[in-house]
Amino acid sequence: MTPLLDVQNLSKYYGQRIGCKDVSFDLYPGEVMGIVGESGSGKSTLLNCLAGHLEPDSGAVLFDTKTDGLKDTVTMSEPERRMLGRTDWAFVHQHARDGLRMGVSAGGNVGERLMAVGARHYGDIRAQAADWLGRVEIRADRIDDRPTAFSGGMQQRLQIARNLVTGPRLVFMDEPTGGLDVSVQARLLDMIRELVRDLGLSAIIVTHDLAVVRLLADRLIVMKDGHVVETGLTDQVLDDPQHSYSQLLVSSVLQV
Amino acid sequence: MSDYNFAYLDEQTKRMIRRAILKGLAIPGYQVPFASREMPMPYGWGTGGVQVTAACLTPDDTLKVIDQGADDTTNAVSIRRFFEKTAAVGVTQATTQASVIQTRHRIPEEPLNEDQILVYQVPIPEPLRFLEPRETETRKMHALEEYGLIHVKLFEDISQHGQIATAYAYPVKVEGRYVMDPSPIPRFDNPKMEMAAIQLFGAGREQRIYAIPPYTQVVSLDFDDYPFEASKAEGACALCAADHTYLDEVIVDDDGGRMFVCSDTDYCESRRQAGHVGAQGTPMGKDAA
Chain A
37 MTPLLDVQNL SKYYGQRIGC KDVSFDLYPG EVMGIVGESG SGKSTLLNCL AGHLEPDSGA
97 VLFDTKTDGL KDTVTMSEPE RRMLGRTDWA FVHQHARDGL RMGVSAGGNV GERLMAVGAR
157 HYGDIRAQAA DWLGRVEIRA DRIDDRPTAF SGGMQQRLQI ARNLVTGPRL VFMDEPTGGL
217 DVSVQARLLD MIRELVRDLG LSAIIVTHDL AVVRLLADRL IVMKDGHVVE TGLTDQVLDD
277 PQHSYSQLLV SSVLQV
Chain B
41 MSDYNFAYLD EQTKRMIRRA ILKGLAIPGY QVPFASREMP MPYGWGTGGV QVTAACLTPD
101 DTLKVIDQGA DDTTNAVSIR RFFEKTAAVG VTQATTQASV IQTRHRIPEE PLNEDQILVY
161 QVPIPEPLRF LEPRETETRK MHALEEYGLI HVKLFEDISQ HGQIATAYAY PVKVEGRYVM
221 DPSPIPRFDN PKMEMAAIQL FGAGREQRIY AIPPYTQVVS LDFDDYPFEA SKAEGACALC
281 AADHTYLDEV IVDDDGGRMF VCSDTDYCES RRQAGHVGAQ GTPMGKDAA
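Protein sequences appear in the order of chains A and B.
No gaps in the numbering here: position 145 of the first sequence is 181 in the numbering used here, and each next residue is one more.
No gaps in the numbering here: position 249 of the second sequence is 289 in the numbering used here, and each next residue is one more.
Treat the hints with care, as some may be off.
What the hints assert, rightly or not - Computed list of lysine-lysine pairs in BS3-like fashion (alpha-carbon distance at most 30 Å, straight line): (1) A/Lys107 x B/Lys180; (2) B/Lys180 x B/Lys193; (3) B/Lys125 x B/Lys54; (4) A/Lys102 x B/Lys180; (5) B/Lys125 x B/Lys213; (6) B/Lys272 x B/Lys232.
To be verified - Here are some chain B residues pointing at chain A (derived, C-beta under 8 Å): (7) Phe195; (8) Glu196; (9) Tyr266; (10) Glu269.
To be clear, the hints were calculated from the coordinates, so they are not data collected in a lab.
From the three backbone atoms N, C-alpha and C, an ideal C-beta is built for every residue, glycine too.
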């Protein structure tokens with residue numbers, strides 16, 4: 037079975053400082069990978085390198101494209117990479133504002149990716165937008181409202197709908213539940229889990245919240261100071277951490 | 041002879057602008073950056089158009105300047121005088137007699153021919169500007185032909201108003217490649233852009249020049265189920281009875297009285313001279329004015 041994503045010795049430096057160094061892993065279709073670590077450990081740098089937002093200094097990110105099979109997204113041409121970003125990939129930002137167009141209605145936000153890949157029938161686009169709003173539990177009568185009129189949780193759900201509407205195969209999520217209160221967080225996690233299962237998506241989730249990865253991720257990467265210190269199945273890493281940093285991380289979680 | 045160099049700008053500047061124009065003509069719809077000069081008028085009054093006109097003019101040219109279709113409004117009159125003074129070229133109000141026409145917000149009703157140049161004044165050349173504020177990003181989108189965003193604007197129009205409500209500066213795709221802002225002409229004029237004359241667009245503040253060569257395909261963007269429509273006010277011109285021209289609404293008193301007249305004054309005038317009389321018009325010759 038070919039992996040969907042094959043990351044090989046990925047490194048990114050900010051001048052002398054290390055962003056992330058020698059990261060290698062692979063991700064198979066339908067699998068959810070969690071990347072955890074403290075602030076400044078290089079999680080987001082790694083995610084941005086994978087999603088093509090940052091250019092890594094060395095290493096390769098092979099993605100199983102529909103037409104050509106495994107292909108290095110670092111060296112592929114920019115139009116091709118951006119096309120992947122609109123079709124096969126999705127990126128959910130921590131702050132919904134970064135991922136949404138705040139001046140455009142919810143329907144327009146969801147429809148944008150469809151129009152970006154060539155949809156030109158208003159009725160169809162709107163019907164699909166309405167369908168997706170329904171799937172992320174946003175009422176149909178809110179379709180013409182702007183995201184500024186939405187609560188934080190709704191904005192985050194709208195962002196997810198906007199990203200999934202073109203049927204991506206790989207979803208990058210950067211702290212998808214950050215800044216939401218716990219009950220909204222729980223519902224969002226539930227929804228993400230359902231969508232990932234239903235659509236057979238692969239996902240890479242960056243978070244510092246271990247509860248999120250416990251719920252969503254199949255496998256886990258623990259990062260510290262730009263290095264991967266431990267990898268393994270989620271339950272294995274969380275229940276029996278081997279590296280001293282992982283142990284610290286797991287024991288730092290507050291119990292209610 | 042005036043103390044100015046011919047057509048105000050120095051020769052090196054005109055050369056620079058001509059290079060930008062030629063590049064623009066070679067890549068229809070592509071916004072060519074150019075080193076826009078300070079002109080003796082405020083930004084927004086047509087500094088870009090004036091520079092393009094200055095670079096195109098020859099001593100044998102006849103210039104016409106239109107502002108919203110009219111030859112006799114402040115902007116048109118002052119720009120026409122400017123070139124009379126600095127270039128000593130002939131000026132005219134007749135579309136057919138002009139070789140260079142500088143325009144703000146309209147295309148003349150009379151079809152233009154191959155010997156004419158139409159120069160547009162452009163306030164904001166970037167059609168994606170209000171959707172994507174970053175210039176670096178919009179340039180990349182043009183380069184990579186990523187034009188999904190422009191349809192988002194039309195989509196918003198339909199979901200809010202039930203139809204495409206963009207009535208002016210209606211985005212077009214030029215020769216199947218670049219999406220272009222046709223300057224704030226009414227969308228009624230969009231189909232006319234496939235014409236015999238050269239069309240040049242100058243944006244002074246934004247420092248961009250772009251162009252459409254003669255007989256170039258210009259397609260107004262739309263949706264399959266909401267096709268583009270070149271709309272105008274209902275009815276006919278009150279002065280010349282034309283029902284195929286773009287009409288301006290004119291308020292005539294404080295009691296809600298109004299009339300619709302051709303926005304193209306020269307065209308209206310020539311029709312009245314040919315004997316057409318509208319509902320509120322008087323036959324030519326008997327007019328007190």
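To see whether the hints hold, each was checked on the structure:
1. In summary, the hint linking A/Lys107 to B/Lys180 is supported, as the alpha carbons are separated by about 23 Å, within the 30 Å threshold.
2. A hinted pair counts as satisfied when its Cα atoms are at most 30 Å apart, and B/Lys180 with B/Lys193 qualifies at roughly 19 Å.
3. With a CA separation close to 18 Å, the supplied pair B/Lys125 and B/Lys54 stays within the 30 Å bound.
4. For the hint linking A/Lys102 to B/Lys180, the alpha-carbon distance of about 25 Å falls within 30 Å, and the restraint holds.
5. With a CA separation close to 38 Å, the supplied pair B/Lys125 and B/Lys213 exceeds the 30 Å bound.
6. A hinted pair counts as satisfied when its Cα atoms are at most 30 Å apart, and B/Lys272 with B/Lys232 qualifies at roughly 14 Å.
7. A distance limit of 8 Å between C-beta atoms decides the matter here; for B/Phe195 the minimum to chain A is near 5 Å, and the interface restraint holds.
8. Look at B/Glu196: its Cβ gets to within about 5 Å of chain A, closer than 8 Å, so that hint holds up.
9. Annotation: B/Tyr266 was flagged as interfacial toward chain A, and the flag holds, the nearest CB pair being 5 Å apart, inside 8 Å.
10. Taking 8 Å as the C-beta contact cut-off toward chain A, the hint placing B/Glu269 at the interface is violated, the least distance being around 14 Å.
In this structure, the hints that do not hold are numbers 5, 10, in rising order.
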